[in-house]
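Chemist: Given the coordinates of chain G, work out where chain P should sit on it, guided by the hints.
Below are the chains, spelled out letter by letter.
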Amino acid sequence: SQQGEEDPQALSIQEGENATMNCSYKTSINNLQWYRQNSGRGLVHLILIRSNEREKHSGRLRVTLDTSKKSSSLLITASRAADTASYFCVPTSGTYKYIFGTGTRLKVLA
Amino acid sequence: DVKVTQSSRYLVKRTGEKVFLECVQDMDHENMFWYRQDPGLGLRLIYFSYDVKMKEKGDIPEGYSVSREKKERFSLILESASTNQTSMYLCASSPGRFQETQYFGPGTRLLVL
Chain G
519 SQQGEEDPQA LSIQEGENAT MNCSYKTSIN NLQWYRQNSG RGLVHLILIR
569 SNEREKHSGR LRVTLDTSKK SSSLLITASR AADTASYFCV PTSGTYKYIF
619 GTGTRLKVLA
Chain P
947 DVKVTQSSRY LVKRTGEKVF LECVQDMDHE NMFWYRQDPG LGLRLIYFSY
997 DVKMKEKGDI PEGYSVSREK KERFSLILES ASTNQTSMYL CASSPGRFQE
1047 TQYFGPGTRL LVL
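Note that the protein sequences, when read in sequence, are chains G and P.
Here the numbering used here is used: position 72 in the first sequence is 590, and no number is missing along the way.
Here the numbering used here is used: position 105 in the second sequence is 1051, and no number is missing along the way.
Keep in mind that the hints are not guaranteed to be accurate.
Here are some, though not all, of the chain P residues that point toward chain G, as calculated from beta-carbon distances under 10 Å [unchecked claim]:
| id | residue |
| --- | --- |
| 1 | Tyr981 |
| 2 | Leu991 |
| 3 | Gly1009 |
| 4 | Thr1047 |
Quick list of the computed label-pair ranges, beta carbon to beta carbon [as the list claims (entries may be wrong)]:
| id | chain 1 | residue 1 | chain 2 | residue 2 | range |
| --- | --- | --- | --- | --- | --- |
| 5 | P | Arg1019 | G | Gly577 | 31 to 37 Å |
| 6 | P | Val998 | G | Val562 | 24 to 30 Å |
| 7 | P | Asp984 | G | Thr595 | 31 to 37 Å |
| 8 | G | Thr582 | P | Glu963 | 47 to 53 Å |
| 9 | G | Thr582 | P | Glu1015 | 39 to 45 Å |
| 10 | P | Asp984 | G | Leu529 | 19 to 25 Å |
| 11 | P | Glu1015 | G | Val562 | 24 to 30 Å |
| 12 | G | Asn570 | P | Asp997 | 38 to 44 Å |
| 13 | P | Glu963 | G | Glu535 | 46 to 52 Å |
| 14 | P | Glu963 | G | Ser546 | 43 to 49 Å |
If you are wondering where the hints come from, they were derived from the structure by calculation, not from laboratory data.
The C-beta atom is built at its ideal place from N, Cα and C for all residues, glycine as well.
With the rest of the complex left out, here is chain G (with noise of 0.2 Å):
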């Protein structure tokens, strides 16, 4: 198992822009899934891309993965209020323990 590195460590936007939030890691995977956590809602799954997939969407959600740079990005277009949280990836590879990082702290100012 490994740690994603996210980048950036914290990010302020204003509500409407869009956030990019990236992350490295550094050997091959199997998938690479995204996480968010608020107070509100607590620690939530957003979205999982599997290592032959180079994109994938969810509503307001665009993620990336490259696998040659071993990167991985996630687009929020139009971003909210709501949207403050952090954020976290978690890249994985046969086996059931899941390393999450310290995560991107997103503020989306109103």
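Modeler: Frame of chain G, contents of chain P only:
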């Protein structure tokens, strides 16, 4: 929807007390996990269980034990609580194969005085 519930949202205990944190999931998931979350350290895995009565240590098992007598219930036990176990404790479950989504409970904020 998958539901993972934890017995308490907030808990205050004294040093040396034995503390039980309970977690229940309602989706017949095979795997269950206990994490603790501390500022600047992210989530750290304490223990996980991939079947009833089966358990494996995570990264920080010292001072903790677990019990899984029934599939839906996973308990975390602090044998003798210490102040450095003050933390947010999160329980999670996942279906049964590797690399599947984990579903988290709301967390228990434990304060040990």
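Chemist: With reference to the structure, classify each hint as holding or not holding.
Modeler: Checked hints:
For tyrosine 981 of chain P, the interface hint holds, since its Cβ comes within 10 Å of a Cβ in chain G; the closest pair sits about 7 Å apart. Proximity of leucine 991 of chain P to chain G holds as hinted, the smallest CB-CB distance being about 6 Å (cut-off 10 Å). At about 19 Å, the closest approach between the beta carbon of glycine 1009 of chain P and any beta carbon in chain G exceeds 10 Å, and the interface hint on this residue is violated. Checking threonine 1047 of chain P against chain G by beta carbon gives a least distance of about 5 Å; that is within 10 Å, so the hint holds.
Evaluation of the 31 to 37 Å hint for arginine 1019 of chain P and glycine 577 of chain G yields a pass: the beta carbon distance comes to about 34 Å. Separated by about 27 Å at the C-beta atoms, valine 998 of chain P and valine 562 of chain G satisfy the suggested range of 24 to 30 Å. The given range of 31 to 37 Å is respected by aspartate 984 of chain P and threonine 595 of chain G, whose C-beta atoms sit roughly 32 Å from each other. The supplied range of 47 to 53 Å is met by threonine 582 of chain G and glutamate 963 of chain P, whose beta-carbon atoms lie about 48 Å from each other.
For the pair threonine 582 of chain G and glutamate 1015 of chain P, the supplied restraint of 39 to 45 Å holds, since their beta-carbon distance comes to about 43 Å. The hinted window of 19 to 25 Å between aspartate 984 of chain P and leucine 529 of chain G holds, with their beta carbons roughly 22 Å apart. The supplied range of 24 to 30 Å is met by glutamate 1015 of chain P and valine 562 of chain G, whose beta-carbon atoms lie about 28 Å from each other. Under the hint 38 to 44 Å, the C-beta atoms of asparagine 570 of chain G and aspartate 997 of chain P, about 29 Å apart, miss the expected range.
Separated by about 48 Å at the C-beta atoms, glutamate 963 of chain P and glutamate 535 of chain G satisfy the suggested range of 46 to 52 Å. Separation of glutamate 963 of chain P from serine 546 of chain G is about 45 Å and conforms to the stated range, judged on CB atoms against 43 to 49 Å.
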